[in-house]
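Visitor: Please build the complete structure, drawing on both the sequences and the hints.
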Amino acid sequence: MSLLKSTYVLLVYCFLYLPIAVVVAQSFNAAKYGTRWQGFTLAWYEKALASPILVEAALNSLWVAMLAATLATGLGTLGAICLFRYRFRGREIMRGLLLALMMIPDIVMGIALLVLFVALGWALGFWTLLIAHITFCLPFVVVTVYARLRDLNPHLVEAAMDLGASEWRALRAVVIPLMAPAIAAGWLLSFTLSIDDVIVSFFSTGPTFEILPLRIYSMVRVGVKPEVNALATLLFIIPFVFITLSQFFSKEEERT
Amino acid sequence: MRNVFSFRNLALTLLGGWLALFALLPNALVLLTSFLRRDERDFVAFEWTLESYRLLIDPVYVQVFVHSTLLAVAATVGCLLIGYPFAFILARQTPSRRRMLLLLIMVPFWTNSLVRSYAMRTLLAAKGVINEVLLWLGLIDKPLRMLYNDGAVVVGLVYVLLPFMVLPLYAVMEKLDGRLLEAAVDLGASRLQTFRRVVLPLTLPGMVAGALLVFLPGLSMFYVADLLGGAKSMLVGNFIKNQFLSARNWPFGSAASAVFMGLMGLLLVAQWSSRRWLGQESNEL
Amino acid sequence: MKKALFCVVWLCAALPALASDRQVFLFNWSEYMPDAVLEQFKEETGIEVVYTTFDNNESMYAKLKLTGESGYDIAVPSTYFVSRMRAEGLLQKLDKSKLSNLQHIDSNKLNQPFDPNNEYSIPYLWGSTGLSVNAAEVAVDSVRSWSDLWRPEHAGQILLIDDVRDVFSMGLHVLGYSANSTDSLEIHRAYEKLKELVPGVRVFDADSPKMPYLNGEVNVGMNWNGEVFQAVEEGADIAYIYPKEGAMLWMDNLVIPSGAKHVEDAHTFINFLLRPEIAKMICEAIGYASPNKTAIGLLDEAVRSNRTVYPTEEDLRGSEFQNDVGPAIAIYEKYWELLKTGH
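Protein chains in written order, with the working numbering: chain D, 1 to 256; chain C, 1 to 285; chain S, 1 to 343.
Keep in mind the hints are simulated off the structure, nothing from the lab. Treat the hints loosely; a few may be bogus.
[Said to hold, decoys possible] The list that follows gives simulated cross-link-like pairs (lysine-lysine, BS3-like), each with its CA atoms no further than 25 Å apart:
(1) C:K175 / D:K5
(2) S:K280 / S:K293
(3) C:K142 / D:K32
Guide: Encoded structure:
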């Protein structure tokens with residue numbers, strides 16, 4: 001790389017990472033206000049982790065992300081297989097809906113679900129939030145799994161069925177194992193999408209089930225509280241871990 | 001099919017049912033609501049009217065939408081200007097280096113964007129890092145006021161959405177055949193001509209995809225405007241949110257949302273036809 | 001793979017068991033109840049109070065209507081929203097037999113027109129919306145009245161409260177009208193007057209208006225008395241000024257929404273808040289005035305004599321309590337939207 005190019009790349013990475021670095025550094029700063037360094041402390045982490053409300057919101061976030069990821073992955077995998085293997089009426093509509101669902105701005109989706117839940121008289125809380133999260137994760141799982149299916153040898157399933165396997169069995173014994181990396185990737189993708197979401201959740205949950213991003217939203221609106229920096233740092237770590245994990249999965253995929 | 005409980009029927013019913021109930025129906029309801037009359041008690045009254053759409057073309061609101069669109073366009077252009085050369089350089093690295101550099105883009109991509117907007121605020125604040133450093137260097141004697149204006153909102157949007165521009169650009173540039181560029185140069189094309197005639201058309205689908213991924217969220221991310229704009233710069237997202245959660249004018253908020261959906265539809269069709277035009281088939285789904 | 005799946009399933013099953021079972025959902029303004037109060041309540045009763053915040057009455061009202069049967073057990077609307085919510089059947093009657101500490105509340109603050117006999121609401125705190133300045137940047141003496149905000153030297157450094165009634169009350173007061181005007185012409189004039197001010201406004205904030213002052217983002221503007229009190233407690237050099245035209249006074253009240261699920265525990269919590277020692281604790285921590293007369297007797301002298309918290313008659317000359325403006329609220333809301341969007 002020429003000097004000019006490396007400087008440019010470095011600058012862009014600075015732009016992307018500087019704010020994050022500042023927040024991480026601030027999370028260890030003893031100063032309650034302002035950004036001047038007044039000594040190292042872990043007090044803000046202690047404070048954040050000692051707050052039952054924050055811990056519960058964090059656990060709620062994890063719980064809903066895991067459930068939503070698991071259910072969306074199940075439903076999405078089935079959907080991808082259907083879209084890939086069958087030609088049926090409404091297939092184009094289904095494809096179109098999934099694509100639209102992927103591109104639809106969060107705010108539009110959030111209020112649409114809100115209107116639905118209010119119209120149905122469903123109380124906003126855990127269930128409505130779960131439904132919303134499954135819905136926005138779904139198309140991403142379908143796309144991930146579908147891409148993998150396309151690369152698969154289409155005769156494998158037929159061969160299995162010729163050998164007397166039922167459709168279910170062919171699926172379980174042949175297709176699913178071959179798609180495992182894509183399914184895992186779809187799950188991780190859904191999990192991260194769910195943990196990250198603010199806008200759709202904002203409209204689809206109520207006070208009885210609060211999740212961390214919404215708690216953080218109300219905290220940062222009030223102003224800079226040092227424990228927010230600690231929480232933010234923890235939230236920076238999650239994608240780090242997950243990306244490393246998914247790298248691991250994709251490497252495994254290369255080997256097979 | 002052997003029986004109604006076959007895999008095919010079960011899976012299709014599940015997925016189709018889910019999409020109908022939680023994707024199609026909600027948006028249909030929004031569309032319906034946008035044609036109803038506002039009601040103070042029950043949110044909407046079942047009485048057909050075009051009132052909300054009439055209100056949308058009121059100059060005051062048109063101004064809000066134009067302003068928001070300009071902010072989103074500015075963010076898109078900003079992302080494109082920063083992201084295009086960046087993706088180009090990235091795609092030209094050795095595979096192992098590329099992998100590492102790409103990973104560094106993925107981390108912010110997957111980090112909660114609310115937390116990232118907040119991080120940007122700590123940087124731009126009057127007592128934030130930039131001001132402290134500039135004061136310390138003696139370059140300024142009073143803190144610069146960088147927060148709570150349109151510029152801060154655009155910077156925030158660029159910051160949050162840049163990875164969404166870089167990744168699709170990188171995807172097309174990675175496939176760009178280096179020999180094509182050499183051929184163009186061999187045939188006597190200047191660098192500018194090579195770029196305009198070869199690189200630009202071949203990377204256009206990536207630019208369009210990236211622009212869509214930046215522009216649409218750029219209109220909708222209300223918390224960026226909240227945190228960095230001081231509740232003054234309104235995005236379409238803030239507007240819709242206010243209609244539902246403060247002003248309680250559901251039909252009006254629904255109408256704005258329906259128009260937003262229409263805009264998205266138009267952009268998707270434009271993207272699709274630009275691909276057609278370039279002879280590239282969509283490879284998704 | 002199998003192991004990973006197993007872990008996921010196990011975690012899914014184990015997580016919800018961790019949530020505490022006795023909870024009261026409190027829907028309150030930001031920075032309006034110290035954590036210590038919630039902690040002490042949990043210690044005494046085992047009930048966890050889940051504190052969710054709103055930034056103005058309008059969004060509280062909209063959210064409460066949305067969540068309907070689910071959700072909030074206690075909300076804290078201002079007086080003029082109590083009457084409105086009561087009329088729409090959004091509130092449930094309080095069981096006074098469970099509120100033995102009600103006797104401590106100043107009788108002047110009870111039985112008001114917005115809720116005769118306090119059937120639905122109990123006063124929580126009262127306070128004022130006035131002016132505040134960053135004393136290091138702006139001479140405190142130079143800002144005496146609302147109209148001083150319109151002076152050109154303050155352009156770009158002003159904070160307004162993100163609340164329709166607060167901002168319009170200021171506009172109306174500057175023009176010499178009542179803060180509770182229902183006259184559409186007066187409201188329109190106030191809008192025209194405020195429109196001149198808005199380009200110089202840097203922030204609209206109703207979450208915690210002290211923060212932009214503390215952070216040096218703004219130097220002058222509106223503020224709530226308690227916010228200034230808290231900022232000063234933390235060492236900031238911010239002054240609170242009762243404007244010459246008169247401040248806006250308001251009172252916030254504890255209510256139980258009709259869809260509340262934990263009515264019994266909600267009463268227990270309200271009664272706890274009415275206990276003089278607790279009311280004293282709240283008042284001393286956040287600097288809004290308590291309607292609890294027994295608690296006032298217990299207050300630290302520095303707080304009781306602090307004019308930011310308890311203004312004198314002189315301070316309040318010209319001030320008005322914000323009241324329900326009836327259907328005229330629609331006019332306010334229309335102009336408010338124009339004000340905030342049409343810059």
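Visitor: Could you run down the list of hints and mark each one as holding or not?
Guide: Hint check:
Taken as a hint, the C:K175 and D:K5 pair is honoured in the structure, with Cα atoms around 20 Å apart against an allowance of 25 Å. Taking the CA atoms of S:K280 and S:K293, the gap is near 10 Å; set against the 25 Å cutoff, the hint holds. Taking the CA atoms of C:K142 and D:K32, the gap is about 22 Å. The hint holds against a cut of 25 Å.
The structure agrees with every numbered hint stated previously.
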